[in-house]
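Trainee: Chains as they are written, first to last, in the UniProt record's numbering: chain A, 1 to 365; chain L, 1 to 365.
Distance condition first, Cα-Cα at most 20 Å in a straight line; then the derived PhoX-like pairs of lysine-lysine:
#, chain 1, residue 1, chain 2, residue 2
1, A, K209, L, K230
2, A, K172, L, K36
3, L, K185, A, K172
4, L, K172, A, K36
5, L, K209, A, K230
6, L, K209, A, K185
7, A, K185, L, K172
8, L, K209, A, K228
9, L, K185, A, K209
10, L, K335, A, K65
11, L, K172, A, K228
Partial selection, computed: residues in chain A whose CB lies under 8 Å from chain L:
#, residue
12, V180
13, R183
14, D192
15, T313
No lab work stands behind these hints: they were computed from the structure.
Please read all numbers here as calculations on a predicted model, not as lab measurements.
Yeah, the Cβ is synthetic: ideal placement off N, Cα and C, and Gly gets one too.
Protein chains: 2
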Amino acid sequence: MYVERIERVKTYLLGKKIDALLVSNFYNILYLTGFKTLTTDEREAFVLITQNKLYLFSDERYLSKNYKLPTTNYELRLIEPKRGLLVHLKEIVGKEKIKTLGFEAEDLKYYEHFHISQQLAETKLMPTDRTLVKLREIKDEREIALIEKACKITDKCLEDTSKIVKVGVSEKELAFKLEVWLREKGYDLAFDPIVAVDENSAIAHYNTKTGEGIVKKNSVILVDFGVKYKDYLSDITRMIFFGKPTDGITVAYENLLTAQKKTIEKVTVSRKLREPDLFCRETLTARGYPNYPHSTGHGVGLEIHEYPKVSFTSEDDKKIGQVITIEPGVYFSGKWGMRIEDTVVIDDDLTARTLTKYPKEIQII
Amino acid sequence: MYVERIERVKTYLLGKKIDALLVSNFYNILYLTGFKTLTTDEREAFVLITQNKLYLFSDERYLSKNYKLPTTNYELRLIEPKRGLLVHLKEIVGKEKIKTLGFEAEDLKYYEHFHISQQLAETKLMPTDRTLVKLREIKDEREIALIEKACKITDKCLEDTSKIVKVGVSEKELAFKLEVWLREKGYDLAFDPIVAVDENSAIAHYNTKTGEGIVKKNSVILVDFGVKYKDYLSDITRMIFFGKPTDGITVAYENLLTAQKKTIEKVTVSRKLREPDLFCRETLTARGYPNYPHSTGHGVGLEIHEYPKVSFTSEDDKKIGQVITIEPGVYFSGKWGMRIEDTVVIDDDLTARTLTKYPKEIQII
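Please model the complete structure; the sequences and the hints are all you need to start from.
Mentor: Following this line, the structure appears as structure tokens:
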């Protein structure tokens, strides 16, 4: 699996006439080697891919004597206080006669690039754009199986946790219960859950951690969360109505649900992923609902927001093996909002198959 | 408070003859404006500081009609699909006649810089280095009070949670109990806790999430965790011995404890922060213990690792208002390891005062 991914990078480099690629992004390193550090953003590791070899650079906290990568043809290089990445790079560039060195232009910091360019004065640094994130866009069978499992856990977690909804329960408590349910079983959250009650549900990306909402009689409750299972993520949003909602809310929900289901069907017949976005917006605004202030969806995998884009500005084609969300919403500022979201995979016949299976029929408790 | 911080940036810019500074780092934006987005790394906000004004750029999920910043002289600018940061920047640069635009070279990505430079062809882009993180290094009274409170919560959390240590408890369970204790009270973890038992404690930055350790009779248990209280962090490490440790372990602990206490005293009489690092390493290696594979400490504040550096390569002076950790360790690979860590503030008289007060005497339960 890793060997194959690395080979794909090598083929890309040959095509672009780039001798080597420096990989700095945490998730791209994980994708290529299975290796991960404790933090995603503290630059504790780098990878260099040449036609001969893969080099992994990290410090002795991670690269103990017995450490092995689950791939072939690699070399581990220890980052030490006086022997950092730049020293190693210079050595390898000399030894392997690297004339052009690609780097991840959307990830490498300005100063990191600057310091490398100072150190490797005779090497041409070549920005590469989204090379690895575009490879990651297409999931293999194992990845889809992991996301599918994450979705199954999501469904069960929501089923169990929604049972504790009652008058007086806070948004924070509900969010915490989702997390405890997962963590006790050894799973993790994919991101900080959004639990938003009544007027808070009208804020498309409400911050539950700083909010004060509490379930009241006849509350509208939005729950947006996901599960991390063996590094792969799911994403779901469901509405819970505590007590009978008003007719306006019920009708809006039915319209939103119909639009969301039709949008998933629309994915099946679309070639570009902006088509379902445009379709869904048109469907809802034609019914008199306000346009929603976010994309209709996004790719999901090792990260909660990755390629492909599912928005009206997206240039991305629909492809076999993509995993995306479909999550339109209806929001009335200061009053209430609702969103229905599923994680969906593009199957071998280019149809969209929904992986999150928690019921979407109006849920009144 | 924010006004004062922004004024300090303006003074810096005047001195450097830079007309405006683009701030991209999540924590620096939080420090300057109190504003924060849901994610730290998805570039959901930017700040631009000119001599006239502070501009905050974010999208409508965050900048609702009623949104107000806790400062003066600012303008909110909405990032929209077809009207992004670059469009706003171009407009403001024209209006305010900005000739030189500073940016955070250690934070801005290569491509972000590239796209800005393409768009602002007549503006000189000036890399600035650690400007804001160096301001953040010196904490004001309010910040120290928040860190002090985080440390108090840390002490109490550790006191309560250490009571559940018994044979058969896993590292993961202990880590989770620390978190549950905090979250139930509305607090947060500062970072993923390290709970490491026996041979795992010899790995300086052990990953509890992927580990399998379980407390046994006579186990050595390392607990390294911190609390986030109103965005400010604490950091502590303590050892728990379950049953009577061997003489070698007891002696090592006493030596490490003496060294750690003396190193905190050494901070008081040091001018450079590499001095306590060198002192502590020498003290322990002179006693025959192996050198530890990490810094003696680091700054703590909005981030768990920030300035000043407390390592033998550090150039940083000791200054009033710094908050740092002192955390030497003794590690025997494959056997056991230990680390003792406190969060320490530099007071007005330049002495070091320990904020984490959980007892350090050998703790056998």
